[in-house]
Amino acid sequence: MGPLVPDLIGNELNLIVAFFIGIAFGFVLEQAGFSTSKKLVGLFYGYDFTVLRVFFTAGVTAMIGVIALAHFGLLDINMIYINPTFLWSAIVGGLIMGLGFVLGGFCPGTSICAAAIGKIDAMVFIAGSLIGVLIFAEGYPMFEGLYKSANWGSPTIFNTLGMSQSLFAFLLVFVALAAFWITTAIENKVNGISNKGIKISRMYLGLTGIAVLIGLSAFVLPNRKEFLMNELSDSRFLSSHQTELMTSDELAFRIMDKDQKLQIIDLRNQKEFDSLSLPGSSHFALENLLDKDANNLLSLKNKINVFISNDGQTAKKGAALAKELGYSDIYVLEGGINQFKNDILSFKLPEVSNNGLYSDTYRFRDQASKVLPDLIKENKLKQGAGTKKQVKRVLGGC
Amino acid sequence: MDKTKYMNPYLAGFLLGMVLLATIYITGRGLGASGAVKSAVVASVETVAPAHTNGTKFYNEYTDEHPGNPLKNWLVFEIVGAIFGAFISGLISNRLKFAFEKPAGTKKNVRISGALAGGALFGFGAQLARGCTSGAALSGMAVLSTGGIITMIAIFGGAYAFAYFFRKLWI
Chain H
18 MGPLVPDLIG NELNLIVAFF IGIAFGFVLE QAGFSTSKKL VGLFYGYDFT VLRVFFTAGV
78 TAMIGVIALA HFGLLDINMI YINPTFLWSA IVGGLIMGLG FVLGGFCPGT SICAAAIGKI
138 DAMVFIAGSL IGVLIFAEGY PMFEGLYKSA NWGSPTIFNT LGMSQSLFAF LLVFVALAAF
198 WITTAIENKV NGISNKGIKI SRMYLGLTGI AVLIGLSAFV LPNRKEFLMN ELSDSRFLSS
258 HQTELMTSDE LAFRIMDKDQ KLQIIDLRNQ KEFDSLSLPG SSHFALENLL DKDANNLLSL
318 KNKINVFISN DGQTAKKGAA LAKELGYSDI YVLEGGINQF KNDILSFKLP EVSNNGLYSD
378 TYRFRDQASK VLPDLIKENK LKQGAGTKKQ VKRVLGGC
Chain P
816 MDKTKYMNPY LAGFLLGMVL LATIYITGRG LGASGAVKSA VVASVETVAP AHTNGTKFYN
876 EYTDEHPGNP LKNWLVFEIV GAIFGAFISG LISNRLKFAF EKPAGTKKNV RISGALAGGA
936 LFGFGAQLAR GCTSGAALSG MAVLSTGGII TMIAIFGGAY AFAYFFRKLW I
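Those protein sequence lines, which keep their order, are chains H and P.
Counting from 1, position 270 in the first sequence corresponds to residue 287 in the numbering used here; the numbering is continuous, with no gaps.
Counting from 1, position 25 in the second sequence corresponds to residue 840 in the numbering used here; the numbering is continuous, with no gaps.
These are calculated hints, taken from the structure and not from any lab test.
A portion of the hints provided could be inaccurate.
[Stated by the list, open to error] Keeping only pairs whose Cα atoms sit at most 30 Å apart, straight-line, the calculated BS3-like set for lysine-lysine is:
(1) H/206 <-> P/820
(2) H/165 <-> P/912
(3) P/872 <-> H/206
(4) P/923 <-> H/165
(5) P/887 <-> H/55
(6) P/872 <-> H/358
(7) H/206 <-> P/887
(8) H/278 <-> P/872
(9) P/872 <-> H/55
(10) P/923 <-> H/309
(11) H/387 <-> H/397
(12) H/340 <-> P/983
(13) H/242 <-> H/275
(14) H/320 <-> H/309
(15) H/242 <-> H/206
(16) P/922 <-> P/912
Note that this is a predicted model, so its numbers are computed, not measured.
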């Protein structure tokens, strides 16, 4: 599951990846004609809309790709970098860049590509951009207020506009196609070419056909998460994914034994988890079992994964889901945390026994009921020391 | 086929989109350019005037966010790659040539001042908006970031609004 950084690809390797991505980036920009300012500013004077075509096609392609990867459960959208929104600095900074664009004829990425093939005007632009950054850095206290005002966090545009992601994506594709059509007409008029529309070749039709098919399949098929969540409410699905049960006694023994293999996946709600959590347990909501965090935990080898919930029913669902996702060594705590409390935590030796002798089970439970509360308290202190779990997003941005 | 001809823009756009998608899938972040310029500036100032960087807020905040050598940065490696990539592209399409490009009717000094001032404005604006056409507009659009899309509209809207006043530079 993506992103591959930081779990599969470490920070050092990531830099090598950056280099190769850069090669592809620079190559495509140069091939597209972004290495000449005449072509770049053509967009603003109507004689060459190459930039708009390349830019919009690229943005739409990548957007659809991100949506599709997330839809099919291949990319954890919670981990990728979403550019933060600071309203005023985005608008003012953008306008300043727009002015820089028509004055300088480049933007930073394109100036670097143009300089790489020997354009001296681009090298002057780069020198200018170094000065621009320096001015910002040295005058930072003056601009800081604007820079940090109206912090909206990292919202997505469809949330800001209050529409669904699919609808926004559809609208954007439509706007892009309309823009391609209109700008071609403008370009022909400005350049005095009559009647030369977009040529529709067989290859375009084929590619468009594939894209439409993928798009339709995404609309028709529920996404993987929804599909699996539906399956869970089906009793046949649950009975076909029987999991082994673990008794309260075994779990208590493993906890007291500080078993390194033991991983407890607690599916109760956050409040219940906060008030009482067993040592070595991690809290997840059922639907979060599909996320990357859960994947990191459950895909560890040579572990024993015990799912717990209040009465064991939700834990059974979680365990079935984990099995469906291909994880192994899955157990369910029999009777859930409720029975665990009865059996172990609030265990009292019966007054009357056979000749004053208790069975091994009773003696174990008696001991466990004395030791475990301390372990739980100790664990709570450790957690309180500030290891609040949080999804770590990848750092990005310019 | 003519070797110096540019690629079909839709094909180029599709390929650029795939590069961006691969970047997001592999690294969880988008492409960028102005960040590398910033790293270069920070590294230069640190080398030339180390005492100055310690006492200045901008550099302190930068070091907090990016500990370590400012040049050991994802975007710096990406941009070094981009220089190679563009060079290779220019080589195979026969476009490698030292040349000062300007429209026929524009004086050389005017074009130099324009490029210098434009570069400075772009560098400054990209700092303020936390990204340029690559990092904020294009990558922001791919992940549907509100801020990225606002920046994109502001860049292109601004360029259109100002284009009329600088038309003598280009046409």
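Practice task
Take the C-alpha atoms of residue 206 of chain H and residue 820 of chain P, compute the straight-line distance between them, and say whether it is at most 30 Å.
Solution key: 22 Å, holds
Handout entry: Given pair status - residue 165 of chain H, residue 923 of chain P, alpha carbons within 30 Å
Key = 39 Å, violated
Practice task
Measure nothing beyond the straight line between the CA atoms of residue 242 of chain H and residue 275 of chain H; if it is 30 Å or shorter, mark the hint as holding.
Solution key: 34 Å, violated
Problem - Holds or violated: residue 922 of chain P to residue 912 of chain P, with C-alpha atoms at most 30 Å apart - result: Roughly 21 Å separates the two Cα atoms, so the pair holds.
Problem - residue 387 of chain H paired with residue 397 of chain H [C-alpha distance capped at 30 Å] - result: 17 Å, holds
Practice task
Assess, step by step, whether the Cα of residue 872 of chain P is no farther than 30 Å from the Cα of residue 55 of chain H, and give holds or violated.
Solution key: Distance ~39 Å between residue 872 of chain P and residue 55 of chain H Cα, so the pair is violated.
Exercise for the section: Take the C-alpha atoms of residue 206 of chain H and residue 887 of chain P, compute the straight-line distance between them, and say whether it is at most 30 Å. Expected result: 49 Å, violated
Problem - Hint consistency between residue 923 of chain P and residue 309 of chain H [alpha-carbon to alpha-carbon, up to 30 Å] - result: 55 Å, violated
Practice task
Take a quick look at whether residue 872 of chain P and residue 358 of chain H sit within 30 Å of each other, Cα to Cα.
Solution key: 55 Å, violated
Handout entry: Straight-line alpha-carbon gap residue 340 of chain H to residue 983 of chain P, limit 30 Å
Key = 68 Å, violated
Problem - Agreement of residue 165 of chain H and residue 912 of chain P with the hint, judged by alpha carbon distance not exceeding 30 Å - result: 43 Å, violated
Exercise for the section: Verify the proposed pairing of residue 242 of chain H with residue 206 of chain H, using a straight-line Cα cut of 30 Å. Expected result: 50 Å, violated
The structure fails to meet hints 2, 3, 4, 5, 6, 7, 8, 9, 10, 12, 13 and 15 from the earlier list, while all remaining hints are met.
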